[in-house]
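Which chain is which? The protein sequence lines are W and G, in order.
Using the numbering used here, the first residue of the first sequence is number 1, and each one after it goes up by one.
Using the numbering used here, the first residue of the second sequence is number 1, and each one after it goes up by one.
A few of these clues could be false.
[Claimed, not checked] Just a few of them, taken from the derived set where beta-carbon distance is under 10 Å, the chain W residues facing chain G: (1) Arg57; (2) Leu78; (3) Val80; (4) Phe92; (5) Cys93; (6) Asp100; (7) Arg141; (8) Arg157.
Quick caveat, the hints were computed from the structure, so don't treat them as lab data.
Using N, Cα and C, we set each Cβ at its ideal position, and we do this for glycine too.
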Amino acid sequence: MAAPTLDTVLTGLAQDEATGSLRVGKEGTVYYARGRVAYVECAATPGVEELIGASGRISANGMRRARQEAGPGGGGALLVDRGVLSRGELEFCVLSATLDAAFFLLAPRTIRTRFKEGDAHWLGVHWFFDVAGLLRECARRRARLERAWPSAELDARPVTPLRRIPGTHALLTRLQWELLLAADSTATPADLARRLGRPAYSTLLAVRELAAAGLVAAGGMAALPKRAPKPAAPPAPQRAGSGGLPQVNGDAADVNLLLRLRDALEAL
Amino acid sequence: MIGIEDCLSEAMSIPGALGAILVDHTSGMAVAGKGVPDPGRAAAGLSEAYRATLDGIAMASQETGFRIEDVIVTTGTSYHLVRPMEMMFDGPLLLCLRLDVERSNLALARRRLRTITDELVAS
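The shape of chain G in the complex, shown without the other chains:
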């Protein structure tokens, strides 16, 4: 069983990880971060990006009550992975990971991120 700080350390141990941050989606607050220069701004931006993705996908899809497993954004130099975790009463809490595009394996990183988030909320 792991806590919030361990969850970030584990995310940072994924090959190619450049930075990881936990964001409270409701308020857009940075809960904790590692390797992120300005956590406040990063949290606000990632939280807005996730909200826009949710709204956009909701309008684009016929599914009702869908859930996002993760969001992947690829830039010229990095991958951004955003994984939402439903907490018991609020949330979601977003685990956001930035990876070096040259040094990382996206499929592996997704799987590891899923394991980590499952461990955080499993009792």
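Extracted from the complex, chain W is given alone in its bound form:
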């Protein structure tokens, strides 16, 4: 019997109104509370602990101590009581980290999963997603990425800002500015997300936006050695709906061959 897809497993647990944690391969965990998703963590994305830590409000040590002191599921309330962050911020933090992890962890596929009944995340439950809504949001985010820059070629490669920009001025968002400053031609978008304490999805989106604006190296140029002959022209960004004529890859030799073929057929 074929193993069930991840979507089927997730939906099944929602229908059973399960409470506990679902290990997904070796990459992450989905926490359920009465059939709804309360938290998702993924090895590839910064979790709530890292996001809060990166804000400088609490040290890694302070976070570890809070984790030990808090009863099961009481960690979030403890952090709020101590004034590390407000309830609104905690909710938004959990929501952001969950969506970020879900985007990478819950891609449609078949993978080994293991459910542990009754298990809860140490921070407790602060926001809910229903499974269908969560999967819909992941799909929407994928579409949003495609709209920004319809190519995955830069997603896993080191981010390399161009030494000179094509125009005379550029408009940057705060995250794009931070990214360009932190990019050292060795760190991938995922590395930069961790370094900056930003969600991996936001970072990926910003990198694709920078690519669309022509501010980071794209089209295999980053990986080339310095002395390699320069391509005649930088590959044109494949913007959706560029609206030009259909591409013709006709070679004169092919056309001549076709003409001769036609003549020969007509002569029959």
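Given chain W, put chain G in place with the hints provided.
Below, chain G without anything else, positioned relative to chain W:
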């Protein structure tokens, strides 16, 4: 101290409020909404409108590093108020409020909205 749901309820208690929605600006996602028929579409639209405003104002003004306090759009029947909240690591989160033009007081609504957003992020 208030949470996300309370923040929406408080926004809806502003005189003349017709609908309120919280939008994650980075992804254009509706975080939560009250009195909004299609939160998904509303969130996508408001998030784009805010982005366009940011870019437009950035190009039109000589200030570097300006911040938008709020965006006010007046239509024939309603006011739309968009207030960005900087969150600790991502964002902004947009609190968007639609008000009945006949039954609301814009100055009061702006002040109340500011108090609510300050409470949401204050620890």
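Do the hints match the structure? See the list:
1. Arg57: 7 Å, holds
2. Leu78: Since chain G brings no Cβ nearer than about 13 Å to leucine 78/W, farther than 10 Å, the hint is violated.
3. Val80: Holds - the Cβ of valine 80/W comes within 10 Å of chain G, reaching about 7 Å at its closest.
4. Phe92: 5 Å, holds
5. Cys93: 7 Å, holds
6. Asp100: Since chain G brings a Cβ to about 9 Å from aspartate 100/W, closer than 10 Å, the hint holds.
7. Arg141: 6 Å, holds
8. Arg157: 22 Å, violated
Checked against the numbered hints listed earlier, the structure breaks hints 2, 8; every other hint is satisfied.
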